[in-house]
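K.L.:
From first to last, the protein sequence lines are chains A and B. Each residue of the first sequence is one higher than the last, beginning at 1 in my numbering. Each residue of the second sequence is one higher than the last, beginning at 421 in my numbering.
Each hint can be trusted.
With a Cα cut of at most 30 Å, we get these calculated BS3-like pairs of lysine-lysine:
| no. | chain 1 | residue 1 | chain 2 | residue 2 |
| --- | --- | --- | --- | --- |
| 1 | B | Lys466 | A | Lys289 |
| 2 | B | Lys731 | A | Lys311 |
| 3 | B | Lys764 | A | Lys407 |
| 4 | A | Lys407 | A | Lys344 |
| 5 | A | Lys48 | B | Lys709 |
| 6 | A | Lys347 | A | Lys407 |
| 7 | B | Lys731 | B | Lys827 |
| 8 | B | Lys468 | A | Lys292 |
| 9 | B | Lys827 | A | Lys407 |
| 10 | B | Lys767 | B | Lys425 |
| 11 | A | Lys311 | B | Lys712 |
| 12 | A | Lys344 | A | Lys311 |
| 13 | A | Lys292 | B | Lys767 |
| 14 | A | Lys292 | B | Lys731 |
| 15 | B | Lys709 | A | Lys46 |
| 16 | A | Lys344 | B | Lys827 |
| 17 | A | Lys375 | A | Lys347 |
| 18 | B | Lys731 | A | Lys289 |
| 19 | B | Lys764 | B | Lys795 |
| 20 | B | Lys712 | A | Lys344 |
| 21 | A | Lys78 | A | Lys344 |
| 22 | A | Lys311 | A | Lys407 |
Covered stretches of chain A (in silico footprint by chain B; criterion: 3 or more residues with CB under 8 Å from a CB of chain B, positions within the stretch not fixed):
| no. | stretch |
| --- | --- |
| 23 | 182-193 |
| 24 | 208-221 |
| 25 | 230-239 |
| 26 | 251-264 |
| 27 | 402-412 |
Note that these hints are calculated values from the structure, not bench results. Heads up, the beta-carbon is just placed ideally off N, CA and C, and yes, glycines get one too.
Listed below are the residues making up each chain.
Number of protein chains: 2
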Amino acid sequence: MGNEKYVIISADGHCGLPIHEYERYLDPGFRPAFATWVAQKEAERKLKLESNYEFIMGWETSNEEGLRGAYDPSVRDKELDADGVAADVLFADADAVTGMGSPPFDAGLAAGMQLDAELAFAGARAHNRFLADLCSTSPERRAGIALIPLCHDPIRAVDEVEWAANQPGIRGVMIPTMWRDRPPYSSEVYEPFWAACAAANLPVHTHSGEAPHEDYNDHLGIYLAEVVWWAARPSWHLLFSGAFERHPNLKFVVTEAAAYWIADTKWKWDQYMGGGHTTKKMAALLEGKISKLPSEYFGTNIFAGASTMSKEELRRRNVLGTDAVMWGTDYPHPEGSWPNTFAKLQKDFVDIPVDETARILGGVAAGVYGLDLAKLQPIADRIGYTPTDLNQDPDLMASPTAERDAKWWLEDYGITPTRP
Amino acid sequence: MGNEKYVIISADGHCGLPIHEYERYLDPGFRPAFATWVAQKEAERKLKLESNYEFIMGWETSNEEGLRGAYDPSVRDKELDADGVAADVLFADADAVTGMGSPPFDAGLAAGMQLDAELAFAGARAHNRFLADLCSTSPERRAGIALIPLCHDPIRAVDEVEWAANQPGIRGVMIPTMWRDRPPYSSEVYEPFWAACAAANLPVHTHSGEAPHEDYNDHLGIYLAEVVWWAARPSWHLLFSGAFERHPNLKFVVTEAAAYWIADTKWKWDQYMGGGHTTKKMAALLEGKISKLPSEYFGTNIFAGASTMSKEELRRRNVLGTDAVMWGTDYPHPEGSWPNTFAKLQKDFVDIPVDETARILGGVAAGVYGLDLAKLQPIADRIGYTPTDLNQDPDLMASPTAERDAKWWLEDYGITPTRP
Chain A
1 MGNEKYVIIS ADGHCGLPIH EYERYLDPGF RPAFATWVAQ KEAERKLKLE SNYEFIMGWE
61 TSNEEGLRGA YDPSVRDKEL DADGVAADVL FADADAVTGM GSPPFDAGLA AGMQLDAELA
121 FAGARAHNRF LADLCSTSPE RRAGIALIPL CHDPIRAVDE VEWAANQPGI RGVMIPTMWR
181 DRPPYSSEVY EPFWAACAAA NLPVHTHSGE APHEDYNDHL GIYLAEVVWW AARPSWHLLF
241 SGAFERHPNL KFVVTEAAAY WIADTKWKWD QYMGGGHTTK KMAALLEGKI SKLPSEYFGT
301 NIFAGASTMS KEELRRRNVL GTDAVMWGTD YPHPEGSWPN TFAKLQKDFV DIPVDETARI
361 LGGVAAGVYG LDLAKLQPIA DRIGYTPTDL NQDPDLMASP TAERDAKWWL EDYGITPTRP
Chain B
421 MGNEKYVIIS ADGHCGLPIH EYERYLDPGF RPAFATWVAQ KEAERKLKLE SNYEFIMGWE
481 TSNEEGLRGA YDPSVRDKEL DADGVAADVL FADADAVTGM GSPPFDAGLA AGMQLDAELA
541 FAGARAHNRF LADLCSTSPE RRAGIALIPL CHDPIRAVDE VEWAANQPGI RGVMIPTMWR
601 DRPPYSSEVY EPFWAACAAA NLPVHTHSGE APHEDYNDHL GIYLAEVVWW AARPSWHLLF
661 SGAFERHPNL KFVVTEAAAY WIADTKWKWD QYMGGGHTTK KMAALLEGKI SKLPSEYFGT
721 NIFAGASTMS KEELRRRNVL GTDAVMWGTD YPHPEGSWPN TFAKLQKDFV DIPVDETARI
781 LGGVAAGVYG LDLAKLQPIA DRIGYTPTDL NQDPDLMASP TAERDAKWWL EDYGITPTRP
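The task is simple: from the sequences and hints, build the whole structure.
P.N.:
If you want it as structure tokens, here you go:
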């Protein structure tokens with residue numbers, strides 16, 4: 001590997017039109033509802049401006065040009081270039097500050113809260129058409145994530161998968177984080193959807209954001225304490241209902257919900273399955289539902305699009321799995337590393353071996369999204385960073401047994417892995 | 421401390437009458453409903469026997485005498501003695517195998533699922549009367565946890581606290597783990613209850629068991645993956661809604677839901693509050709809700725009755741806080757260490773310093789439940805274990821800065837603790 005430039009693929013990016021411009025992608029019958037929704041969104045922005053004017057205007061003014069990359073492909077490419085990013089994964093809801101880049105009827109990150117299935121599908125479809133257009137420019141650099149309000153109508157969701165599978169640049173689908181009063185994701189009613197996604201090789205995503213706000217009484221701390229869990233939750237509903245067993249090719253990605261939660265789930269779940277006095281009665285009941293240890297589904301079926309990972313997550317990378325976690329800039333959201341990604345990488349990756357860095361920054365994402373590293377390497381060579389640029393030792397490689405050595409719980413509980 | 425015997429207080433024990441015997445503690449008006457409930461429980465046992473006869477009969481036959489300690493105080497003392505336990509904390513639902521030791525109308529660990537508030541309070545009251553009787557024998561060895569269906573009727577719950585505060589041996593209260601369709605625990609409607617518990621110095625508990633089974637489609641793995649989270653959840657609803665700020669004396673204990681979840685919550689929550697580029701906008705919004713770092717509420721307001729802790733939790737004890745975690749045998753449940761507690765302690769505590777062991781095995785619990793160590797030491801001297809018995813080095817003491825040194829995230833994020 002030497003001192004070659006890393007192919008950086010940001011596993012967490014956002015795109016979206018200024019809300020009123022979505023009208024041209026919307027089925028005409030929804031225009032009256034759309035006008036009402038736009039007016040409501042604009043009123044919400046006004047309220048936000050009243051309470052937080054300085055931050056909002058400061059952010060929007062100082063990033064005016066770069067924020068247009070949410071919908072303008074040439075600006076997006078320029079911003080990726082400046083950030084050293086060869087390709088990125090495109091979720092909806094470009095504007096995390098005042099919501100003026102959301103799909104019609106909030107069919108994006110908050111889709112579960114849209115109770116009207118017709119509106120949810122209409123908004124998703126409008127965004128997906130825009131997304132296909134955006135990704136048709138520089139498709140080798142884009143992994144567009146189509147919106148599918150799965151729990152609102154599991155049958156119609158399958159049609160949407162089939163449409164998405166035929167759009168160049170669309171390389172995954174996102175489902176609502178919360179199913180709310182609809183059937184939970186462990187239900188058989190979703191089986192044709194998992195089958196369709198596996199067949200089309202489209203990884204399924206949740207993205208953090210949604211949570212049961214009605215339980216929080218406006219206490220932001222409670223929301224922060226839970227939001228990761230709600231985004232990650234569907235992953236184990238799929239795992240333990242056997243979805244990955246029935247569809248070994250099915251991939252599920254939890255995006256912008258950190259990665260630290262994987263550490264305790266791996267040992268705890270393996271203990272339930274594989275050993276330990278307290279859980280023998282449980283293990284017997286689990287038999288037959290899954291054929292591997294729960295931890296072994298990470299990196300083949302379950303992934304984390306962990307965005308700008310914390311130092312602690314990078315330290316624990318071998319427990320989390322350097323085949324399971326993907327870094328991301330969260331462009332163009334203010335909580336991410338854009339437009340200062342180089343400085344962030346220099347600070348956080350200095351001690352990480354080169355091969356592990358290559359996987360976390362791009363290798364895993366290339367596999368999950370089917371991006372062509374041969375096409376991306378020349379882009380990286382033009383705009384990217386070498387190990388030396390990141391103050392790394394270019395000769396530092398991970399021990400071949402690093403991952404295996406990190407699984408302390410196999411020895412503690414006398415658990416035998418199903419793969420060597 | 422030297423080689424003195426440890427005062428072991430099990431922070432997780434269970435008690436309960438054989439179900440039909442609860443009738444004499446029940447208000448007479450509930451007898452018809454009680455007869456129906458008993459018949460239903462007996463039918464459930466029959467079903468369980470059909471599918472799992474060997475395990476159930478094996479467990480019940482080989483522990484026939486010891487299981488009577490669920491309600492017979494002299495047998496309980498004998499079993500505690502044999503296990504080296506000086507005192508224990510008594511939750512409801514003695515029979516984890518077929519549910520034949522549950523409070524009327526399942527008002528114990530599954531109280532949230534009892535939709536009828538009248539039945540929930542009647543069942544709780546019957547159990548609480550039995551509990552007061554049981555704890556009146558050897559009250560220095562018992563911390564009875566009264567059942568209070570808080571979310572079913574917050575006003576009536578306050579009356580129940582006042583009753584419990586006057587019963588010798590009742591030293592805490594348990595509320596339903598899940599509020600379901602009732603107001604969440606961050607709601608103002610519960611404020612008089614938190615005030616009453618703080619005034620009476622009765623720690624409030626959740627105990628693992630309940631979870632939204634309707635989401636699981638009978639997939640046991642999903643239940644196992646979530647049950648700890650549902651039990652722990654109310655702790656941060658209280659924290660971030662400011663309950664510990666308004667009532668600095670209020671204690672909340674999460675029982676039999678492990679302790680590992682505390683590790684990631686501490687650094688992540690402190691990061692939200694105290695620093696880190698990504699969360700500056702959040703920190704501003706949190707200001708004023710709580711006055712200390714979230715991690716600083718563990719050990720003063722939030723505790724884990726962690727039962728038979730895993731080796732990993734003992735290794736991470738200084739992150740979890742040896743002032744916040746309490747060991748327990750789970751007597752008389754089969755998933756605990758009873759009746760082989762000595763062997764379990766020998767295996768798991770060999771490397772742990774003596775002072776930390778003393779806190780985890782009993783010191784923290786003595787403080788939380790107001791148990792008198794001076795009265796328990798002579799019992800421990802008669803039945804307990806020395807550091808040497810546990811194969812420990814009796815001279816090994818923790819570094820005075822062990823806890824502070826374990827908080828790596830303060831340095832990583834440049835966070836200043838509010839207490840030294």
